[in-house]
Structure formats: structure tokens, C-alpha cells
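First to last, the sequence lines map onto chains G and W.
All residue numbers for the first sequence refer to this note's numbering, where the first residue is 1 and numbers rise by one.
All residue numbers for the second sequence refer to this note's numbering, where the first residue is 1 and numbers rise by one.
Just so you know, the hints here were simulated from the structure itself, not pulled from any lab data.
Beta carbons: idealized from backbone N, C-alpha and C, even for Gly.
Treat the hints loosely; a few may be bogus.
[What the hints assert, rightly or not] Listed below are several chain W residues computed to face chain G (Cβ distance under 8 Å; list not exhaustive):
| hint | residue |
| --- | --- |
| 1 | HIS12 |
| 2 | GLN197 |
| 3 | MET249 |
| 4 | PRO283 |
| 5 | SER289 |
| 6 | ARG291 |
| 7 | HIS342 |
[Stated by the list, open to error] Mimicking DMTMM-like on lysine to aspartate or glutamate, the simulated pairs with C-alpha atoms at most 20 Å apart in a straight line are:
| hint | chain 1 | residue 1 | chain 2 | residue 2 |
| --- | --- | --- | --- | --- |
| 8 | G | LYS61 | G | ASP105 |
| 9 | W | LYS228 | G | GLU295 |
| 10 | W | LYS4 | G | ASP105 |
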Amino acid sequence: MRRIWDAPGGVHPPDNKAQSLTSSIGQLPLPEKLILPLTQHVGAAAKVCVSVGEKVLKGQKLASASASISAAIHAPSSGWITAIEERAVAHPSGMSAPCIEITCDGEDRWIECMGYPDYKQATPPQLRNLIADAGVAGLGGAGFPSAAKLERGTHMPVDTLIINATECEPYITADDILIRERADQIIQGIDIISHLLGTPKTILIGIENNKPEAIAALNHHCQGSGIEVVSFPTKYPSGGEKQLIYILTGKEIPSGHLPADLGIVCLNSSTVFAIKRAVIDGEPLISRITTLAGEACDINRNYEILIGTPVSHLLAQNAFHPELCSRLIMGGPMMGFSLTSSDVPLVKSSTCILAPSHTEIPDDDPVQACIRCGLCAEACPASLLPQQLYWYARADDHERLQAHNLFDCIECGACSYVCPSNIPLVQHYRSSKADIVNARTAKATAAVARERFEFRQVRLEMADTVREAKREARRIVTEKAKITSPTTTQPSGSSAADIIKAAQLRGTARQASPEQQRAKLERTLMAAEMRLKEAQQRLLQATNNASVDQQAQQLASVEAAKRKVEQATQRLTEVSH
Amino acid sequence: MAFKQVSSPHGHARQSTGQIMQLVLLATLPGLLVLSYQFGWGLLINILIATTAAISAEALILKLRNRPIEFYLRDYSAVVTAVLLGLALPPLAPWWLVVVATAFSIIIAKQLYGGLGSNPFNPAMVGYVVALISFPIEMTTWVTPVSLLAADVSHPGLLESLAIVFAGNSPVDGVTGATPLDLFKHSDGLLVEQIYQNNSLFSRASFAGVGWEWANMAFLIGGLALLKARIFTWHGPIAMLGTLALMSMLFWDGGSSDSPGSPVMHLFSGASMLGAFFIVTDPVSSTVSNRGRLIYGALIGLLVYVIRAWGSYPDAVAFAVLLGNFAAPFIDNYTVPRTYGHSKSRRATDKEKSE
């Protein structure tokens, strides 16, 4: 028996999973239009590779990954591209973002798919490319591009592969039903990933003990495969990546690091299913299992929906009563966000659409004072002190917030859930995090501006010294001219006394002027040497703590000063000879 | 159609602040019943006067502060303060004493700081200390426990009690007397054994002191019920009681004439249990982390013992708690728990490393 570690904190909200598990995975009729946001994942937006008016086939690539952390997007059904423009997307702020609109032709005709059933012959980079090309991103809700996650595993040997089938959010049963019905394909997916990662020593499937059917299905298919199915007591948020890794291995991911840094890769079970489809069947990620739940819909059930299906289409097919609905949530009740409109499309990370009635999730009660009862601290899975964070968030005390590790908050909502005073704690933390990030950005911008200003100062100084040197040179030239002028322009027909006087003057000038000249040149040399010394010192400082730009610029000023010293020395020697 | 925009999580556990306060009130019932049995109607009258005064004072200030009165009264925090104060003040104390103490608690110690959640000191204890310092005679006159009354004397009835409280009638001789802690403090030069033999407060007690031992036992039961209901954690109360027991063991001195008393006497006398489970656990004025609560509780236990043993007051819970309240923010700075993914806990005063 594998040891299970008990993660700190956590809450036990009613799980409400039975409602959507009464029937098998359903299919929806094809919607009239599909809307595909270019950003359905963590990272850079995908780059469009089709144009308006083009006819596309089901599975055809519409946009490709534009960076190492990005994911491609494919046509979920055949039809015409009717628009590429900003549309309202599923986002907590209700914002718009670039989307591709497909008007379906109803034929649902596939492009030719190149599967790779013999994946054992493929090299890890080939498999990763297949997965990247299929646009697979984490289907558990976060949407991290899977190929990038598997890429990270190459920096360090992966010894533990964890499949996250926890599904700790109430209401959501998408992973559960997928495992019940297609456990064999998930195991195939695990085999592919295991091969890709160089056969990790330990392969675990983590699942909460409130899914006995799914556990049985997994156990059935895992027999003799070396994959271990580990069930543990139900507690929210055990399905958080950090929490699950701790529960299964007792290891904590150090703050600011990734699981891969500990040789662990953690993937959601539905993502594994998508990887199986991508590799063995050659089918890109164009559909997912989404749970529809809540009392405002007569039918609660899981659907295999096409990515891009408008939420309204899903609701319309299931006898939705808007007047009964207290709010429309994408995701689960703990971490999901409310949708202001049902016109937005379902995306790769849409685990659930929850349409609760007013009795099911009533409007929030008014906020009362925080009495620091500490229930939130008991519930926090990261062992933070939410009550202190709350006070500091209200006081905008960024220093204290960071000292209390605000950025280790995973926004699971357990604190707000237990708060007897109905304080929207998570909202306060989100807003404070954004404030701190903004302040950091502002500080960085100011630092760049300062750097520029300093660079300008040095540049001006350099120009000054150059000008001064030129002036000096000019003066020397004019002085030379002055000394030589009496000899060249001798007045003719002058008296003998005048000639003698002139000769005397010439003599004194000849004697005095080299002295003066040398003294002057020596002073110039000294000044130039001083400047060189200063410039060298600045360069030394710059090599310790300044940017590359600054260093280069200091180096330039040292060179300039050196040149000046050389010039001065040369002139001095000329004069002395 | 447009839907409501609300931030996650959606839905809450069904326990409100008002309900927590009501549970606390419920948990004081065993103690209240035992105390009333032992000392007569006085305590109930105290509580009624205190509750009326607290609600009126709270409503008045809320009105002055332009806050919705009914909404804030429903958090029951004023009632909790009033009940705790009513339990702590001597039975049959004059009505104005109770009113002054309660009004001070609510107006000065709570509302002037910003109301519930913002007060640095436990309001009930502030009210108690103000009364104790201002009216020492009234505050140190306790009623004799029922089992120690002479055969021809009994506690005043309800009407008689009301007359004492409101009209200032004097109670019958023999109805008032010292408390065990009081008696112990003023029995200098006697061996502990002699004190126990000479005074019926001790000689007729089951284990600690007549009247008080069972009242403390009842508060302990109420407190354990709250602990079971997870209203607070064990850290504060156990640290306080543990330190109190440890100190009284260390200085027990074999029961010599200098001994400040046995651990059992200290644990089950005065406001030990009421303090440990109903005052130390006040979340607003205490520390926030479990480690902090251990230190906070231990500090209060230590101070209770120091004041009882070597100070000039027989009981010390109120003073000790207020001193603990002073220290709480400081303790909080050094007891931030270790966060997931960090090797060490940080100080609350840590500065972020500049990059």
C-alpha cells in the first residue's frame, strides 16, 4: 500500500456529483457556428494560418503555436471561415479577444488523419511534436500547453509521472465519466507519455475516493501494467497540482519552481486521453468532455462538446430556465468564474458549465467584519494566514503581503468558502496580486528610464570633454601662430632701435613660450590622466552591477580618455623637442 | 441575456459570524447554571443588565457612526461581551457598576476602535478592569456559596435581589464573603494544610474550593464543546492552563506557609476556565497562528500565576489577558506559519529581496 500524505487545510463542500452521472457521455447536435478564441491556453496566442472565406475540414489546423508556450487550434467541424475578429470570450472580466468563427456546413467531414499507432518507434521529440501539433493543452482547467510541460521534463530525468484524476471541484464529473467509459484509452495515453519521458520509475494515478466506479475501471485496466491507482480521502482542493504531488509523494514543490524541477510531471487524465487521440488516432484536440450541471437546467449530464460551441447552444439543448438561474459559472463552484453572457464559446479548459438555481447557490450575504476567527487559516492548503493577508490587502501594505507569501496563494477559494463573515477573500488577493505586479512593472520601467538618463549624462559629459580637447588644440595652434607671427610680419623701414627691440622681444618670446606651452600641455595631460582614472573607476563599478549597455558605454568613455592622454603626451613631446 | 458577475468561490459554508457567537453563548450556559445555583439570582440579573446596556450602547454608537444598526446587532458580539462581563462581575453588584463596566467595554474598548474585529483589547476584560480599579470594594464583595450558608440564612430571592441591585438595599449578614483565591492570599503565615482545615471554603470542597470548583468544571465542559465544534483550536486554552499548572507545580513548595497554592486550586478557582476557553480564545484580540496562540496562551497563564502568587490582586485573568493583548501583534510578527513550498517560516516584517 502506498503511503498517502495528508495535505494541510482543505474543506468539504457538498460534492453534488451524482446529478450529472445518471447518464453516459452525450453528443450535442452540431451548432450553427463555432467560435475559436486564439488564446485558450496559458502562453502566447496562436497564429492564424487561414483566411476569411476559406473552406476548412474537420481537424484542419486554423492557427499554429506561435511560441514555445502556445498551442495550435484546429477546426472542430467542417465549414467556412466567416470571421476572424474580436469576440466576447469566457474570461472573468467579460472581455473580448481575437477569435476565428466557423460557419458549419453540417457535413462534419474530416481531414485525413495521420495516426501513429506504432508510437514506440517514435523518438521523444517526434512525439512531442505530434502532441504540440495537435494543440493539446491541460484540460483540467489551467490550460498549460502539454508539449511544453513534457519539454520541461527533458531538463532533468523524470522519475515520477502523476496522472491527476482527482477532480475535487464539486459538480464536475467530466474526468470521472471519461475514466468510467474510456479507461483503456487513458491507459494507452499514459503508455505514450511514459515512453516519451523515458519510462519513469513511478507512474501514479491520483483519484479521490468518491469515484468508486472510476477507480474500479482504472484498476481493471492497470493490472500488470506497473501503473498504480492511488485513491485518497475526498477533500477540496486535493486536485491542485501542488496538493496532489504532496498527497502522493510527500514532496513540496519549492516556491517559484515547477514539478519538473523535482523530476515530477503531472498531467490531467483528460489531457492524457487527448494525447492518446493525438498520437494514436492523429486527431487534434477539437472536443472535450464538459459537465453541464445545476438546477436551472432540466438535464444534467456530461457532453463530448466541440471546442468553440457557444454556451447558449449547450444550454438550449438541455432545457435551460434563465429565470431560475442565479449565476452562470464556467468551471466549478470553487474556482470557476461567472459568465455575463451565454454567447461565449466553450474552450479547451472548460470543464463544466454550472447553472445553479437561486436556492442552490443563493446571492452572497452582506459582508460582515472579520473577527479573525481563523477558520480560513485552518482551511488554507498553502498554510497561509488569510486573515492577515486580508488586513494587509485592505491596507495596501505590499511589503507585509509579500512577507506573508501572498504569491503562494493558489486562489482555491477554501478561505472564502468557510469565512463566516462572507468576506470575498480571494477577490482581495487577486486584486492585491495585480497591484503588486503593476507596482513591480512600474518600478522596472522607472529603472530603465533612470538607466537611459544616466547614459545620456555620460554621453553629454563625453561630448564635453571632446569639445574641450578640441578647444585646447585650437588654442595651442593659435598660440603657435602668435609666436611665429612677429618673425613673419616684420615692419619694413624701421629704426635700428626698433629692430633691436623686436629682436629682444623675439628672443624672450622664444625662450618663454615653450615653457608656458609645456606647462599648459602638462596640465592638459594631467587632466586627461585624471579623467582616464575616473573613467576606469566607473568602468570597474559598471562591471560589477550595471547592465551590458552601461558597461559598453563606460568602456567607450575609458577609450576616449585614453586617446586624450595619448594626444596630450604626443603634443607635449612635440613641444619639448 | 446578461448574468450576474460574481467572484469565486460560489457558495459558502453555512456558518455565519452570528451563529458562531450564538454557539459561544450556548457554551456559557453550564457555567452560568452552576454559578447561579451556587450564588443565587445575582448573576442572572448582572447578565440581563449587561446585555441591555451593551445592546443600547452598541445601537447608540452605530447610529452615531451611521451604520445599519440591526445588521450589526445581529452578529451577537455585543451580547457575548455582555454575558462574559456579567459572569465575571460579582453577583448582587449595584446596577450602575454593571452599566458602567458594560458601557466602557462597548463604547470605549470596542466601538471607538472601529467596532467588531478592530479592537486590540478584549472589551469584556477592559470593562472588568475599569470596574475593578475604580470600585474595588464593590468588585471584591462576593456572595457565599449556597452550601456554606448558615442554617438560618439563605440567598436573597429574586425580588430581594433586585432591591439590592437597584435600590441599594444591603444584603443580609452572612450572605457575602471571600472567594477561595482571596482567602488563600490573605492567609499569610499559615501552612496550606492549616488554611484548608480552618476554612469551610476549602475543608468542605470536593477538590479545589466550594462553589468555584464546579463552576470552573462547567466552563471547562462548555469550552470543550466549543473545541469539539471547531470554534477555536486547542492551542490557546491548553497553553494557558498548562503554563498555569506548571508554574503552580514549580512553586508549590510542599504546602509551606509561603506556598502560592496547589495546581488544582489554581486551575479550578477564580476565572481560570472561563478565561482559558472564553477569553483567551477571543479571536479578535488574540494572535492569529497556532504557534502564536501557544505563546500567547502560555504568556497569559504565566502572568495569571505571577499576579496571583506575587501581585496584590487575588485573581488576575483580566490583567493577564490585557497584557497578552498588548503582546499579540508582536507575537504575530514572529510566528507566521511555514507556507507550502518554503523551507522556513518568514517573519511578518521581512522585506522582499530586491532583484
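These are the hints, each one checked on the structure:
no., hint, verdict
1, HIS12, "holds, 6 Å"
2, GLN197, "violated, 47 Å"
3, MET249, "violated, 30 Å"
4, PRO283, "holds, 4 Å"
5, SER289, "holds, 6 Å"
6, ARG291, "violated, 11 Å"
7, HIS342, "holds, 5 Å"
8, G:LYS61 to G:ASP105, "holds, 17 Å"
9, W:LYS228 to G:GLU295, "violated, 35 Å"
10, W:LYS4 to G:ASP105, "violated, 34 Å"
Hints 2, 3, 6, 9 and 10 from the earlier list are contradicted by this structure; the remaining hints agree with it.
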